[in-house]
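A.B. asks: Given next are the chains, with one letter for each unit.
There are 2 protein chains.
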Amino acid sequence: MAEISQSGNVVTLINVFTVRPEDQQPLLDLLVEATESVMNRRPGFVSANLHKSFDGTRVVNYAQWRSKEAFEAMLEDPAAVGHMRQAAGLAESFEPHLYEVAYVDEA
Amino acid sequence: MAEISQSGNVVTLINVFTVRPEDQQPLLDLLVEATESVMNRRPGFVSANLHKSFDGTRVVNYAQWRSKEAFEAMLEDPAAVGHMRQAAGLAESFEPHLYEVAYVDEA
Chain F
961 MAEISQSGNV VTLINVFTVR PEDQQPLLDL LVEATESVMN RRPGFVSANL HKSFDGTRVV
1021 NYAQWRSKEA FEAMLEDPAA VGHMRQAAGL AESFEPHLYE VAYVDEA
Chain E
961 MAEISQSGNV VTLINVFTVR PEDQQPLLDL LVEATESVMN RRPGFVSANL HKSFDGTRVV
1021 NYAQWRSKEA FEAMLEDPAA VGHMRQAAGL AESFEPHLYE VAYVDEA
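Line by line, the protein sequences are chains F and E.
Start counting at 1 in the first sequence, then tack on 960, and there's your number in our numbering.
Start counting at 1 in the second sequence, then tack on 960, and there's your number in our numbering.
Same shape as in the complex, but just chain F (with noise of 0.2 Å):
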């Protein structure tokens, strides 16, 4: 199971695709056949977590990497490519940025 924290020692894309209802599913399935082939071998993965709006929307990935370089280097792969070139023509946009966690608080 993927946990948030601050002292989680990874780097944390998230990429927000914004997406035509009928494509969310489709969209989706492309995202977990990226991951399970691709992203999940390469070095520095962490996790991928893929979320979709209720409202249809919207599918976002959460995913970690062990650094910035690790990230860096899997947009190099020409299989990553690929997939996200077919990502990028199920979405409408897409927002790729890296975060760090800033802060947690549960209850």
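Note that these hints are calculated values from the structure, not bench results.
Treat the hints with care, since some could be wrong.
For chains that are exact copies, the list does not tell them apart, and a pair is met inside one copy or across any two.
[Said to hold, decoys possible] Using 25 Å as the maximum straight-line C-alpha spacing, the simulated SDA-like pairs for lysine to any residue come out as follows:
#1 LYS1028 / ALA1040
#2 LYS1028 / ALA1039
#3 LYS1028 / GLU993
#4 LYS1028 / LEU1058
#5 LYS1028 / VAL1064
Values in this document were obtained by computation on a predicted structure and should not be read as measured data.
With chain F fixed as given, assemble chain E onto it according to the hints.
C.D. replies: Just chain E now, kept in the frame of chain F:
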């Protein structure tokens, strides 16, 4: 520590704030204060996890609530509304959506 899982029995709010870099830390400070003074006392609050992008342009709140109903009841709380207005004033835009976890993969 917040955990991401498909069986977590939570709904997930992912709220992406777009900010000017000089407003990133002030917005984070405001969201910490809102979490500690209002959100984490609300029924159904599970966790709030604030993230800041390395590029300075985004703040993301990845928050877990016990149910949609608990989240929606919070939106009617005048103290919460006051904090959300202040946050909106510091952001160029914000995009809150409610999600379910669709898939999890770990190294």
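A.B. asks: Which of the stated hints cannot be reconciled with the structure, identified by number in ascending sequence?
C.D. replies: none
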